[in-house]
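Protein chains: 2
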Amino acid sequence: MNNNYYAILMAGGVGSRFWPVSTASIPKQFQDVLGAGETLIQSTFRRLSKIIPQENIYILTNKKYNDIVKEQLPGVKQEQIVLEPVMRNTAPSILLAALKINHKNKDAVMMVAPSDHWIQGEERFGKDLEFAFEEAGREDKLITLGITPTFPNTGYGYIKYDNSKEKRIMQVQAFTEKPDFKKASAFLSEGNYAWNAGIFIWNAKAILNNFRKLLPEMYRLFEKGDAVWNTRGEQQFLDENFHLAHKISIDYGIIEKAENVYMIPASFKWNDLGTWGSLQEQLPQDENDNTLINSRFLSFEAKGNIIRTEKNKVVIIEGLKDYIVLENELVLLVMPKKNEQNIKEIRDKAIEKFGDKIG
Amino acid sequence: MNNNYYAILMAGGVGSRFWPVSTASIPKQFQDVLGAGETLIQSTFRRLSKIIPQENIYILTNKKYNDIVKEQLPGVKQEQIVLEPVMRNTAPSILLAALKINHKNKDAVMMVAPSDHWIQGEERFGKDLEFAFEEAGREDKLITLGITPTFPNTGYGYIKYDNSKEKRIMQVQAFTEKPDFKKASAFLSEGNYAWNAGIFIWNAKAILNNFRKLLPEMYRLFEKGDAVWNTRGEQQFLDENFHLAHKISIDYGIIEKAENVYMIPASFKWNDLGTWGSLQEQLPQDENDNTLINSRFLSFEAKGNIIRTEKNKVVIIEGLKDYIVLENELVLLVMPKKNEQNIKEIRDKAIEKFGDKIG
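Taken in order, these protein sequences are the chains called A and B. Here our numbering is used: position 161 in the first sequence is 164, and no number is missing along the way. Here our numbering is used: position 352 in the second sequence is 355, and no number is missing along the way.
Possibly wrong hints are sitting among the right ones.
Each pair may be met inside one copy or between any two copies, as identical chains are not told apart.
[To be verified] Calculated cross-link-like contacts (lysine to aspartate or glutamate; reagent style EDC-like; alpha-carbon spacing at most 16 Å):
no., residue 1, residue 2
1, Lys67, Asp289
2, Lys314, Glu332
3, Lys168, Glu348
4, Lys341, Glu284
5, Lys208, Glu262
Since the hints were derived computationally from the structure, they do not count as laboratory data.
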């Protein structure tokens with residue numbers, strides 16, 4: 004295993020599209036949403052630790068999840084958990100992590116990855132990743148893994164790449180966030196578009212150079228901390244300065260503007276588990292296309308539903324088609340699957356009406 | 004208060020049409036299904052104790068509910084709780100209670116009443132009841148309180164009575180169990196039909212004479228116990244003999260065959276709380292005709308639903324019309340209100356599949 008390889012797992016999200024199962028107290032990445040026997044962050048950590056030394060995997064998350072991370076990843080030391088004092092989207096956190104890693108190891112090559120995605124084909128994933136690390140170690144490339152699209156999904160970002168020469172790594176030409184259906188269909192016909200999975204690989208120096216150039220104000224803010232990285236003074240510095248950083252995503256702030264952005268087509272299967280519908284694709288279904296998570300089920304004319312309850316709850320459904328039925332100790336939600344994009348908004352309304360405790 | 008007045012509260016049922024809220028461990032009569040601040044049997048007991056001495060009110064129930072009765076009706080002594088060793092429908096239990104009461108008081112006049120109905124207009128109820136007790140004390144009449152029907156309900160029993168002379172008490176001509184809609188409509192037009200609320204008043208001697216004549220085998224079986232009523236030997240006698248009694252209802256075994264059956268039209272409002280639909284009539288509704296019991300509610304295009312959950316559960320419903328949504332710690336049931344007559348059958352299937360614990 005190469006000791007110059009590092010990873011940053013993004014684990015600060017609330018997973019509000021999976022509310023009420025995912026909540027601010029235990030977000031999706033810390034739950035076994037697939038009933039796989041381990042939580043999503045545990046799967047992700049296990050997958051990465053085959054390529055990257057465990058002690059080089061950093062968890063980027065919110066202060067309040069510190070204890071959950073330590074509980075779920077007992078091999079991780081406190082210094083590997085990077086706590087954002089406040090939410091400032093992804094760019095400031097990734098800059099911070101890159102500075103810390105660069106401070107430790109001037110030859111570091113690092114990966115940034117979501118902690119809550121589903122991947123099948125771990126061996127192929129490992130090979131794609133090793134190749135990306137080698138490329139990013141050799142040259143100042145910002146590399147993303149691109150997923151070959153299987154249908155015109157309007158919920159993903161699309162990467163347009165230069166396929167004039169068939170290679171294992173290709174230059175990126177443009178990014179498009181969530182196109183409409185017509186546009187997405189056109190992308191698929193054109194054949195040189197991939198889904199953006201939010202998995203990036205680069206050497207620490209390369210991403211820091213890009214921050215210096217593309218987000219100079221943010222870079223200057225964090226540059227002041229150079230003396231405190233990985234020391235006891237770090238937390239105080241962050242408490243005083245982190246909230247001053249501009250809220251911006253790594254995609255919008257850096258990737259979409261940088262030169263030398265490259266894509267490696269993924270050879271593994273991927274799902275962002277972004278919605279209940281996409282989750283359902285990865286789970287077994289009964290003879291009427293109902294997906295059950297945790298529940299014991301008895302049904303009469305019930306088809307295509309997604310049902311998740313407290314462990315072993317008996318659920319009896321008559322006459323529901325394509326609904327989501329979600330239940331935990333505090334909340335019961337029943338709604339048509341086709342409206343699942345409203346869950347986030349529904350969560351906001353529910354919190355407004357009934358208080359934070361249920362969110 | 005007249006010390007010759009007695010009551011038998013029927014409290015042995017399982018309330019399976021209210022499953023999963025009503026279960027074999029805590030049936031409907033021991034629950035506050037209306038959110039009234041007291042359970043149904045507590046309301047019933049309180050209502051009757053205005054007319055009948057508390058120590059003369061007997062609770063007829065199953066062995067396993069003995070502790071619940073003592074907890075919910077702390078004024079009731081153990082000797083007032085008559086425990087059926089096995090379920091044998093209503094006739095054997097009522098015969099047993101009548102024998103015990105007659106053994107205590109040869110002038111006893113007794114009422115038999117369900118413990119899980121809803122009554123509004125307690126003063127009028129009291130007056131009707133006092134009148135019935137006076138009549139039954141004077142003559143060997145079997146008296147039932149008849150409810151003036153408000154619509155052609157096909158779930159009730161109908162009493163046909165002689166209205167040739169308008170009186171406060173009228174002779175019963177026939178009973179009809181659950182007619183079809185056409186028949187029920189005809190009954191309402193004819194004007195001399197009432198709903199059978201299962202509330203009976205008679206003197207103990209009169210009902211015992213009827214048992215002797217109409218259910219002679221059962222009478223002979225229990226007659227053997229004459230020496231043990233209200234003594235320590237009673238329970239052993241019942242354990243040895245009760246299960247030998249024929250399973251038959253008081254309606255079918257006695258009331259429908261007896262002569263001298265009379266009806267007093269009820270002047271109070273009544274609801275048997277026999278189904279979720281009938282329960283809904285007695286409960287407030289939100290601006291979209293949704294009825295909530297225990298739940299905190301947020302809805303989007305949800306109309307006419309009945310929702311009952313664990314206390315304070317947040318329920319969010321989108322796009323359901325006229326459904327029942329019932330939830331407790333073990334079970335979640337979602338089904339169209341129009342199919343509520345299937346609940347009993349669904350309960351049986353669920354118990355078969357998942358075990359007794361949920362029933």
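Could you figure out if Lys314 and Glu332 sit no more than 16 Å apart (CA to CA) within one copy, between two copies, both or neither?
-> both (11 Å within a copy, 11 Å between copies)
When no copy is named, should Lys208 and Glu262 be tagged within, between, both, or neither for a Cα gap of at most 16 Å?
-> within (15 Å within a copy, 103 Å between copies)
Alpha-carbon proximity between Lys67 and Asp289, which holds within one copy, between copies, both or neither at 16 Å = neither (38 Å within a copy, 38 Å between copies)
Using 16 Å as the alpha-carbon threshold, which applies to Lys341 and Glu284: within, between, both, or neither?
-> within (15 Å within a copy, 33 Å between copies)
16 Å Cα cut-off: does Lys168 pair with Glu348 within a copy, between copies, both or neither?
-> neither (44 Å within a copy, 67 Å between copies)
Checked against the numbered hints listed earlier, the structure breaks hints 1 and 3; every other hint is satisfied.
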